[in-house]
Amino acid sequence: MASGNAIRGSRVGAGPMGEAERGESAPRNRISFWCANKHETRPSFAAEAAIPETWDCPRCGFPAGQDEHNPPAPARNEPYKTHLAYVRERRTDADGEAILAEALAKLRGEI
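Start counting the sequence shown at 29; every next residue gets the next number (the working numbering).
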């Protein structure tokens, strides 16, 4: 059986929410942005706000522009490089052979 408390779950002093309590909202403009995958995003901006050149697409993450037929190209991601790949950029094979020979000689007690 339900109790006699009709305002169960609401805060003391809570009233109706609406424009009267929050004030007038600023005038807005909805601008369309398209990404390379043809996704359309329509964020709203304040009328006096500066509109950015690009906007990140919330569906695929690619950059989106205002020109539907010529969207910006997606950023090129470099593949992950291992430690060995960085070492190979700094050292030649001959350098590697010399370092290996020196380390083996140290282990064998020749140096």
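FYI, nobody ran anything at the bench for these hints, they're computed from the structure.
A portion of the hints provided could be inaccurate.
To be verified - Each computed EDC-like pair below joins lysine to aspartate or glutamate, with the alpha-carbon atoms no more than 16 Å apart:
1. K66 to D84
2. K109 to D84
3. K66 to E106
Stated by the list, open to error - Label-pair ranges, simulated between beta-carbon atoms:
4. T69 to E117: 38 to 44 Å
5. D84 to R119: 36 to 42 Å
6. N57 to N98: 49 to 55 Å
7. A129 to P80: 54 to 60 Å
8. V115 to N65: 43 to 49 Å
9. H67 to K134: 29 to 35 Å
10. D95 to V115: 43 to 49 Å
11. A103 to K134: 44 to 50 Å
12. G51 to N98: 38 to 44 Å
13. T82 to K109: 26 to 32 Å
14. K66 to A131: 55 to 61 Å
15. Y108 to G51: 31 to 37 Å
16. E117 to E138: 14 to 20 Å
17. L112 to T82: 48 to 54 Å
It should be emphasised that the depicted structure is a prediction, and the values quoted were computed from it without experimental measurement.
Every residue gets a Cβ at the ideal spot worked out from N, C-alpha and C, and that includes glycine.
Report the numbers of all earlier hints that the structure fails to satisfy, in ascending order.
2, 3, 6, 8, 9, 15, 16 and 17
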